[in-house]
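S.K.: The primary structure of each chain is shown beneath.
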Amino acid sequence: MQELNKEHKPLIVAFCCNWCSYAGADLAGSSRLSYPANVKIIRVPCSCRVNPTFILKAFQKGADGVILCGCHPGDCHYTSGNYYARRRMTLLFSMLDYLGIERERTRVEWVSAAEGAKFSKVMNEFAKTICELGENKRLEDLRCKD
Amino acid sequence: MQRLEVAFLEKAKELLSSGQVNRVLAYKKGEFCYDVSPAVFYSVEELENAVYNGFCGANLSKYLIQESKKEGKVAVFLKPCDTYSFNQLIKEHRVNRENVYVVGIECQGKFSIEKFYKTGVGFVASVQEDLDSVLVNGETKIDRNAVKLERCLVCKKQHVVYDELLVINEKKDGDLDRFEMVKKLEAMTADERFAFWKEQLSKCIRCNACRNVCPACTCTKCVFDNDDSQISSKANADSFEEKLFHIIRAFHVAGRCTDCGECSRVCPQNIPLHLLNRKYISDINEFYGEFEAGKDIAQKGPLTNYTTGDIEPNDFKGGNK
Ligand code: SF4
Ligand code: SF4
Ligand code: FES
Chain A
1 MQELNKEHKP LIVAFCCNWC SYAGADLAGS SRLSYPANVK IIRVPCSCRV NPTFILKAFQ
61 KGADGVILCG CHPGDCHYTS GNYYARRRMT LLFSMLDYLG IERERTRVEW VSAAEGAKFS
121 KVMNEFAKTI CELGENKRLE DLRCKD
Chain B
1 MQRLEVAFLE KAKELLSSGQ VNRVLAYKKG EFCYDVSPAV FYSVEELENA VYNGFCGANL
61 SKYLIQESKK EGKVAVFLKP CDTYSFNQLI KEHRVNRENV YVVGIECQGK FSIEKFYKTG
121 VGFVASVQED LDSVLVNGET KIDRNAVKLE RCLVCKKQHV VYDELLVINE KKDGDLDRFE
181 MVKKLEAMTA DERFAFWKEQ LSKCIRCNAC RNVCPACTCT KCVFDNDDSQ ISSKANADSF
241 EEKLFHIIRA FHVAGRCTDC GECSRVCPQN IPLHLLNRKY ISDINEFYGE FEAGKDIAQK
301 GPLTNYTTGD IEPNDFKGGN K
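Quick note, the sequences are listed as chains A and B, same order. Heads up: the first sequence begins at 1 in this note's numbering, then just goes up one per residue. Heads up: the second sequence begins at 1 in this note's numbering, then just goes up one per residue.
You may find that some hints are simply not true.
[Claimed, not checked] Per label pair, the in silico range of CB-to-CB distance: (1) B:Asp225 <-> A:Gly134: 35 to 41 Å; (2) A:Ala114 <-> B:Ser229: 33 to 39 Å; (3) B:Glu180 <-> A:Asn51: 27 to 33 Å; (4) B:Glu180 <-> A:Ala114: 44 to 50 Å; (5) B:Cys207 <-> A:Lys128: 39 to 45 Å; (6) A:Ala114 <-> B:Ile65: 46 to 52 Å; (7) B:Ser229 <-> A:Ser30: 34 to 40 Å; (8) A:Phe54 <-> B:Lys317: 20 to 26 Å.
[To be verified] Selected chain A positions facing chain B (in silico; Cβ < 7 Å): (9) Arg86; (10) Phe93; (11) Met95; (12) Leu133.
No lab work stands behind these hints: they were computed from the structure. Virtual Cβ for every residue (Gly too), placed ideally from N, Cα, C.
One chain only, chain A, in its complex shape (with noise of 0.2 Å):
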């Protein structure tokens, strides 16, 4: 068991909002920028499309990290989606705290199309605070680990 966790990987789940992040993170990729191989993408129109269930579904799913990014404040393709976001992910993450699940496992950032450099940036930090971490065990559901 020690051996096997030893070389975990720690899988990372990163909501990226169309318009701006996901842009970054393709730009990233086009500047060969790297960023770790187990951070998973997933692309939603907005930052504010993010109920707290998709966190939560995807600690579930077995992510050992959960990542969400938008466009910067004052810059949401529509508007003001990432204002609420931000709000309801304050809440969530303090609530996350509050049942003694670890608060560094879940993070917000906001990532414009410029920005390949910064999205490099924030996975490899973030895919480090999570290796440090380790496995998720408090919020798993052990049906999907093998």
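We have chain A; now place chain B with the ligands onto it with these hints.
M.R.: Frame of chain A, contents of chain B with the ligands only:
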């Protein structure tokens, strides 16, 4: 206290016989003194079975979603905490206000039958109420605060919406700090918090009573009834699902929960659900300014509003590590 019940019955009779309303939403006797339940009365004769006492804890507001849409006017007796829920329903356009005649009724705190048993009385056949004590079975005197529901120890006291008031005595006590336990939990270590919630939430049998009773849970199709959600109406398969259900339930009412305490009252497993709701409430107060759902319906709800300078999700400190 008996005076209040007499006044309640008189008022109900008067409203019905004058034709001002064609039905009254209140409480009816059960088999035992403590199993009082909400009921609609259509005639003065039916009011024979109506009661108003310390066991009338049920919040009648949610029934008004249906009742206010029927033919004719309905009269309802609402306690202070019930009026907050009703006000919130008005704000969300869930009730037809013109069809409801609200009598704001006095409340000196409602009872939890479990708390009676905890004091050592073996059975409860009758309860005579006083402002600060109760006499059980005609012989055992108990401090009223000892048998009150948790929510009545942190009472809201004022009626926020009514057409008339039926208040004889001022409310006594009920001034404890409702966030005390939330603060205690925040001060624990993350491991202690995790252990606390694991123990509490794993008791849940997913009866959905907390959702069904909640006056803020009014969606016609609930996520927990949607089979595709994979969390619909079923017992938890694992410890994750326990949390998923509870985080989502509380989140769906965040910013709209009036802290009426009904979810904790009805939970057959005695899970302190109010501690989840109050966490959201205290966070909202801290991050976005004092807000009390149901109090002032002109104020925008905290989750349907924002400012450009809101705190970033990564920046709040969180509880102890
Ligand atoms: S009322 Fe209690 S047992 Fe029933 S679903 Fe709600 S928390 Fe679970
Ligand atoms: S969540 Fe509980 S306290 Fe809040 S409104 Fe619903 S029943 Fe009342
Ligand atoms: S479209 Fe990017 S956050 Fe709304």
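S.K.: Would you mind marking each hint as holding or not holding in the structure?
M.R.: Tested hints:
Between Asp225 of chain B and Gly134 of chain A the C-beta distance comes to about 37 Å, which sits within the given range of 35 to 41 Å. With their beta carbons about 37 Å apart, Ala114 of chain A and Ser229 of chain B fall inside the hinted range of 33 to 39 Å. Taking the beta carbon of each, Glu180 of chain B and Asn51 of chain A are about 31 Å apart, inside 27 to 33 Å as hinted. Our hint of 44 to 50 Å for Glu180 of chain B and Ala114 of chain A holds, since their Cβ atoms are close to 49 Å apart.
Between Cys207 of chain B and Lys128 of chain A the beta carbon distance is about 43 Å. The supplied range of 39 to 45 Å therefore holds. At roughly 49 Å, the beta-carbon separation of Ala114 of chain A and Ile65 of chain B lies within the given 46 to 52 Å, and the hint holds. The hinted range of 34 to 40 Å is satisfied by Ser229 of chain B and Ser30 of chain A, whose Cβ atoms lie roughly 37 Å apart. Taking the beta carbon of each, Phe54 of chain A and Lys317 of chain B are about 25 Å apart, inside 20 to 26 Å as hinted.
Interface hint status for Arg86 of chain A: upheld, as the beta-carbon distance to the closest one in chain B is roughly 6 Å, under 7 Å. A least Cβ separation of about 5 Å between Phe93 of chain A and chain B falls short of the 7 Å threshold, and the interface hint therefore holds. Because the closest C-beta pair between Met95 of chain A and chain B is about 6 Å apart, less than 7 Å, the hint holds. Given hint, Leu133 of chain A at the interface with chain B, is violated; its Cβ is 12 Å from that chain's nearest Cβ, farther than 7 Å.
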